[in-house]
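Number of protein chains: 2
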Amino acid sequence: MSKVNSSPPVVQLVLRPGLIDLGWGHPDSALLPADLIRQATNAVFVTRSQEALAYGYATGPGPLLEWLQSQIYLNEGRKPELEQVVVTGGNSWAIDQICTTLAKPGDCVLVEAPTYHLAVRILRDHPVELIPVFTDEDGIDIEQLSDRVRQLKRSGRTVRMLYCVPTFNNPTGRSLEAARRQQLVDLAGREGFLIIEDDVYRELSFDGPAPVSLWSLDTHDIVIRLGSFSKTLAPGLRVGFMTAPADVCRALGENGLLDSGGGVAPISGLIVNEICRAGGYQANLGLIVDAYRRRRDALLNGLEPLRDRGCQVRPPHGGFFVWVSLPEVKSAMRVLERAEERGMSFLPGTKFFVGGGGDHALRLAFSFYAPEELMRAARMLVDAIEVN
Amino acid sequence: MSKVNSSPPVVQLVLRPGLIDLGWGHPDSALLPADLIRQATNAVFVTRSQEALAYGYATGPGPLLEWLQSQIYLNEGRKPELEQVVVTGGNSWAIDQICTTLAKPGDCVLVEAPTYHLAVRILRDHPVELIPVFTDEDGIDIEQLSDRVRQLKRSGRTVRMLYCVPTFNNPTGRSLEAARRQQLVDLAGREGFLIIEDDVYRELSFDGPAPVSLWSLDTHDIVIRLGSFSKTLAPGLRVGFMTAPADVCRALGENGLLDSGGGVAPISGLIVNEICRAGGYQANLGLIVDAYRRRRDALLNGLEPLRDRGCQVRPPHGGFFVWVSLPEVKSAMRVLERAEERGMSFLPGTKFFVGGGGDHALRLAFSFYAPEELMRAARMLVDAIEVN
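Chains A and B, in that order, are what the protein sequence lines are. Start counting the first sequence at 285; every next residue gets the next number (my numbering). Start counting the second sequence at 285; every next residue gets the next number (my numbering).
Since the hints were made in silico from the structure, they are not lab data. Any given hint might turn out to be false.
Stated by the list, open to error - Covered stretches of chain B, as calculated for chain A (at least 3 residues, CB under 8 Å):
(1) 295-309
(2) 324-331
(3) 345-356
(4) 382-390
(5) 397-405
(6) 518-525
(7) 531-541
We put the beta carbon where it would ideally sit given N, CA and C, even for glycine.
This is chain A alone, in the form it adopts within the complex (with noise of 0.2 Å):
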């Protein structure tokens, strides 16, 4: 084989040394159920190999549509049907295919301040303009929304859509107010958009059940909900799942992608199916859910010195986030440059707003280290802010 003085690296994650980087948002390795992952793999093989191998399903393997429809409906109390859901390649895939398949050129795509940054990147990558839209500590303000929805439509443009995270939010951590939900839903069906619910955080709930999903309150056929097991059991797998109206489920299934490369995720859709049918789903879910609410609970201990000194810490009832805010007097970025000289990093605010905001907040991830790790980086954090 060819030698290079430097091999490129198998994983996407660069820890830079000395440094305890709650910048990254990924599941601690540690926490990746490999056994089981490794037994549904040989059992898939087994049992379907020629299966697993050929071209797949367009939506995805059939015993894994069908095990989500009737785990959805336990959770959710709302049942799809088998033509309402579509097996993706995990979350992003499933925004960047949306993007391709149903927005046109020149559309207006709207999206939270802030929102998750990555997602901005690939709706960046079609032809659409984004719109941010403003939130508060409830999320999304509705009145705002649909007035800007109305000065859009009002000056000719075309609303495709809203992408949003109102579960266990990316960055904030927040969730949408309950009676917003169905206001949001009911104004989209309204003035005619598709709203995105990107629903990646929804089963990493740690203080009892999550809110009820905008999916589930959708009876104008116009929420997309994307869900994924990339945070239940593996990234790596790149599956995840759409909970859509029919008519989107076809065009996706049906679209150039799917008809000539067949279903995104045959192999991994059918490992996944194993492991949902054999129970170690849950089993497993049980064990990281717990493992995330205690290093949640750590770095919230850690970064109990804020409160007295102007900062707002909301606790985040799930997912992989905190969002703090800094006195308007601080900057992030300043901050930043301090906390990385005392050891740890962040994500500062800027990163996740759509046309300016964010420079006296910033993110921290709690999902990759353990709650020690936690614990020493929040006090570097606070020592950051104070000498600023």
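Got chain A; can you put chain B on it based on the hints?
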């Protein structure tokens, strides 16, 4: 779990009872190396499970990038830099992502007439205009292509890229003639458009070495060559690769989808790497090339009678397809009806033309059926053509 009257399928292929359907250009499941892949998968989980399950490096697992680099150098005499290789989710995925990342609304994309019909569907999901270019027995007519490009540019259009299958073409089985390969690459370099070289059939070469790739001739940094493991190992792996100019690979590796989701095939990529480094890839390739060669020969033998009936049957030197040209008086659609009455099917030529043509031609895939079945199907086709 939920009970439905008929469970949705696992695989894409749908066979109609009592019909030998040469419309499907799929590998025969019996030729998929299930044991080889199962063993490699076990090895990956033993040696690299945590890496395999994490978010992968954007352009693919380092070891596979290095294997591809050395293997391509061995096969083609040109060694790509590591920055000139990307592990893809298969060629369909690559075509889709190239359009998303590099094409702009209104761009012209040139395609052969005839061309791979499902690539057309992928391209049409993007806001580009498809322009067919004339081909003859030796592939793309460079003169006419050159005129077409200049004419388009004169009319103010942007010619962004040409999509083509120059080696063991789908649907014609033909390969672009040697001298024309350099002429095509030089024309693209001169006129400043990219060539997407769909090179999926290169290694399925039955009668000696395949023609040199356009990529290996490219001194202008304009060829994006797409290779795949879908035909040489298994479609279900959803893994391919791209050798392309470094700036193209960078644009793809840094696009929104890969930035958010990480590499597209972390597990499958490592499985393929394991197979390739253990020598299983070459061993399996020898077996399937022999098998597909026998199938081509069986089909061609069965089609012999057509030669004295005004039909043209060009023996392909590799790939999956035989293209039959009928006398002008015979319609492929009518032949199709007669053929299905007799128990065989195929795709009519019309499917493969953007903007008309192919009424008197048809594509036969010899990849999926055993030689005896191909002989029987050929006899039915000969009969169907006679009675027309």
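Hint-by-hint comparison with the structure:
1. With 3 residues having a beta carbon nearer than 8 Å to a beta carbon of chain A, the stretch 295-309 of chain B meets the requirement of three or more and the stated coverage holds.
2. Counting residues of the stretch 324-331 of chain B whose CB lies closer than 8 Å to any CB of chain A gives 3, so the stated coverage by that chain holds, three being the minimum.
3. Only residues whose C-beta sits within less than 8 Å of a C-beta in chain A count toward coverage, and the stretch 345-356 of chain B has 8 of them, enough to reach three; the restraint holds.
4. For the stretch 382-390 of chain B, the stated coverage by chain A is satisfied: 4 residues place a CB nearer than 8 Å to a CB of that chain, which reaches the threshold of 3.
5. As drawn, the stretch 397-405 of chain B meets chain A at 4 residues by the rule of a beta-carbon pair under 8 Å; at three or more, the given contact holds.
6. With a threshold of 8 Å between beta carbons, the proposed coverage of the stretch 518-525 of chain B by chain A holds, since 5 of its residues qualify and at least three are required.
7. With 3 residues bearing a CB less than 8 Å from a CB of chain A, the stretch 531-541 of chain B meets the requirement of three and the coverage assertion stands.
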